[in-house]
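What follows is the residue order along each chain.
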Amino acid sequence: MASAIQDDMFTPDVIANPYAYYGRLRDEDPVHWNETYELWVVTRHDDLVWLTRHHELFSSAVFKNDPRPAYPAIDESDLGLYEYVRNYQGDQFIQHDRPDHLEMRKVVHGYFTPKSLEEWRPFVQKAVKELLDAAEKKGRMDVMRDLATPLPVLVIAEMMGVPDPDRHYIRELAEKLLYIGRGEHDRMKLLTEGMRGMVVYVSPLVDERIVNPGDDFISVLASGEKAGVFTRHQVLVNTSLLLLAGHETTINLLCNGTLAFINHPDQWALLKKDPAGAAKLATEECLRYDSPVKSIQRIASEDVEMRGKVLRKDDRVRWFISSANRDPAMFANPDTFDINRWPNQHVAFGSGIHHCLGATLARVEGQEVFKALAERFPGFRLDNERLEYQPSITFRSLKSLPINWQ
Amino acid sequence: MARKVRVRVDHNLCVGNAMCETFAPHVFRLNDDRQSEAVDPDGDPIEQILEAAESCPMSAILVEDAETGEQLFP
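Order-wise, the sequence lines are chains A and B. Here our numbering is used: position 25 in the first sequence is 25, and no number is missing along the way. Here our numbering is used: position 46 in the second sequence is 46, and no number is missing along the way.
Pulled out of the complex, with its shape left as it was, chain B reads as follows (with noise of 0.2 Å):
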């Protein structure tokens, strides 16, 4: 079975430079304000999920395993 992860971006943080949404189109969507939402955690493959994260200029995307809590980014 393919590893779950939790998706989370800080608002505090974010500046809707929407790259994540170019990478993982399924994940994250841009909100009223045009700040990004991870709005289906299982949207899109995880090695697509990590692309988006390290494309944030803000590191305001934190990516954990949903089993482990392991953080897998930043």
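So here's chain A without its partners, still in its complex pose (with noise of 0.2 Å):
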């Protein structure tokens, strides 16, 4: 008899390679009711694309709705923390359901339409290249502390409107937010640190803003409070929740992505054959296999029935990208890192209205690395075999990527 599935998500084994367990998952159980943390894990490509489609059965309003305590648990002293950390999340409008949800994204959706951000297209090629020649001299660099953490953060800065002396503390800040998904039982002192240091930063910008509009995107959030959709705390939370997502995912795309094609030189070769064609299809390619967020939660709005499983009203319900990804019911050899997979229906930015807003600014950064790296360092090599990723149960971050190509 096959052995019982544990349910404790961040064993080390767990984080190293998410594939196996979820995938497991997957198989034997898609919709799995995890013990320990008291909630439902959905795995399966299609239960995912039903369940985020169906968002008047599955509420965004995560930290509003959720009656229970955090998880993993939190030191007791920090239980006036965590009202903080609700409070602040549940004013993000990606943790609103419609209709304020829907006015809420009419207000910031045209800036990072297609369109718009195509204009921002040479503003990343020039970023790419000069972090990329900044690298050259020296003959190696930690993708991830060279590349792909200052790109995002210089993007997504400039679309803010936020000083350049300000960058670093500003990715200071975000480390710290990131703890929103670790599990560590002290954590609700570094989230909070980030979330306060964030409101104190941003404040003063916000008000700038609304007396000088601009065409940043402060300015857009600024301009949501005029219309009378957001309020200050709103604008303030959400400036930050872009900061960080800004860059968070954008990084783990640009990492895994790089390690993807370092562990399959046959798809680096035919990204080296034709870098600029060949980025788009690559850059949804990666995305698919190795995720930049790994899972989402949702709160049942009313009992739903999943594969012959009861979900109660007020169940914690988890979705995971990665295991969908793989899903071999959608995808032909699943496991199978393939640079000209089309069409190519991933999940990696969720689904249905809450699709990532930030997807296609993301797929602009993707594209330009990928294309950058096979045109400047054909020849890079990993420089160290034992990579790490953080604990987290949203994030697929590694900890550091180091290449060289001497």
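If you are wondering where the hints come from, they were derived from the structure by calculation, not from laboratory data. Remember, it's a predicted structure, so these values are computed and weren't measured experimentally. Honestly, I wouldn't trust all of these hints.
Not close to chain A: a few residues of chain B, all C-beta gaps over 10 Å, as computed [what the hints assert, rightly or not]:
#, residue
1, D33
2, G43
3, I46
Stretch-level coverage of chain B by chain A, calculated; a stretch enters the list once three of its residues show a Cβ under 8 Å from a Cβ in chain A [claimed, not checked]:
#, stretch
4, 8 to 22
5, 51 to 57
FRET-style restraints, in silico, Cβ to Cβ [said to hold, decoys possible]:
#, chain 1, residue 1, chain 2, residue 2, range
6, B, D42, A, K64, 34 to 44 Å
7, B, H11, A, R121, 19 to 29 Å
8, B, D42, A, G228, 31 to 41 Å
9, B, H11, A, Q125, 26 to 36 Å
From the three backbone atoms N, C-alpha and C, an ideal C-beta is built for every residue, glycine too.
With the hints as a guide, dock the two chains, each given alone in a separate frame, to form the complex.
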């Protein structure tokens, strides 16, 4: 008889290789009740698509509507901090349902359309070039530290109109915000430090853009306040949401994609043959094969039946992109990295009305980075065989990715 | 006479983001799979249809002039 599936999703082997663990759940128990964290784990592609497109059944107001304590458990002395986190997270536009969500999304949507973001491509190309110029002389770099982190921070800071000298500070705060997806019992301290730091940092910027709006993204959010769609607190937390979401996920795309090429020399050779022509589909395959975001949560709005299980109103429902994007029912040879794969209906950006607002931006950054790497460092190698991932249930984040081309 | 257009949604791309339905509610409707269908190309003014197409995060909406076949979006 097959062994029972253990429910700790933070063990080193699950963090190192989510595909084995969530893949097994997908094959054996696709709508699985995780007793340890008291939540449903949904792992099949068609179930994810169905779930995310039935937003009336699964609420995105997770922090507002979840009556249970934080998981994994946090220090009892930090319960006050957790309330702060709930209020902070709960005011983000992605943590709203219709009809409010639609009004909020309409404020920000136009800034992120494919047409608007195509105008950012030259800025991205220039930033990639400068970062690679700086690295080239050294003969080696940490893709994480020297390319994947500074690039999206540069882009999002430019979009926000954040002054140059502040970018390091923004990244520091963002590192603390990442504790939202972690399991450490004392994580609320760093998390709230990051949140409070963001609010303090962003407040004067918002004050200024309310009076003197420009074409930057904070001005877009401020226009939502003037129109009565956002409160001031919502403008502040959405600014910090965009700062975080705008780069952490992109860092993962760039690192995980680069690593996929390192591990698949045949696909790297294909990209090198025609970097400009192949980068678009290759980026989609990077998004599918080792997705930047592993899982996202909803709360059941009513009793819902899925695959013979009854999910009760207010139950936590966590859907796993990592396993859905390797689902053999959706993808031929799902564990094969194939940069010509098309169509490629991955769910790396989710689906439905909450489909990632920044998807196109991430795509542009991925396409430009993979293209530039193939053109400039065609013979690069991994500098260290021992790679580690952050112990997060939400993000698939390498800690570093050292390469050399000497 | 107003210009007539043909509208198509590529279901290999459509993720059901539903912004098209917001901008041109008489042209686009979500089907049972919650993907968008162009149900009536004459349902809304062409400006709204183009706004809907532009708002699609997947560029899944194709708009053509019904007479000439000229591609108006993307």
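Exercise. Broken hints, numbered, in rising order?
Worked result: Hint 1 contradicted; others consistent.
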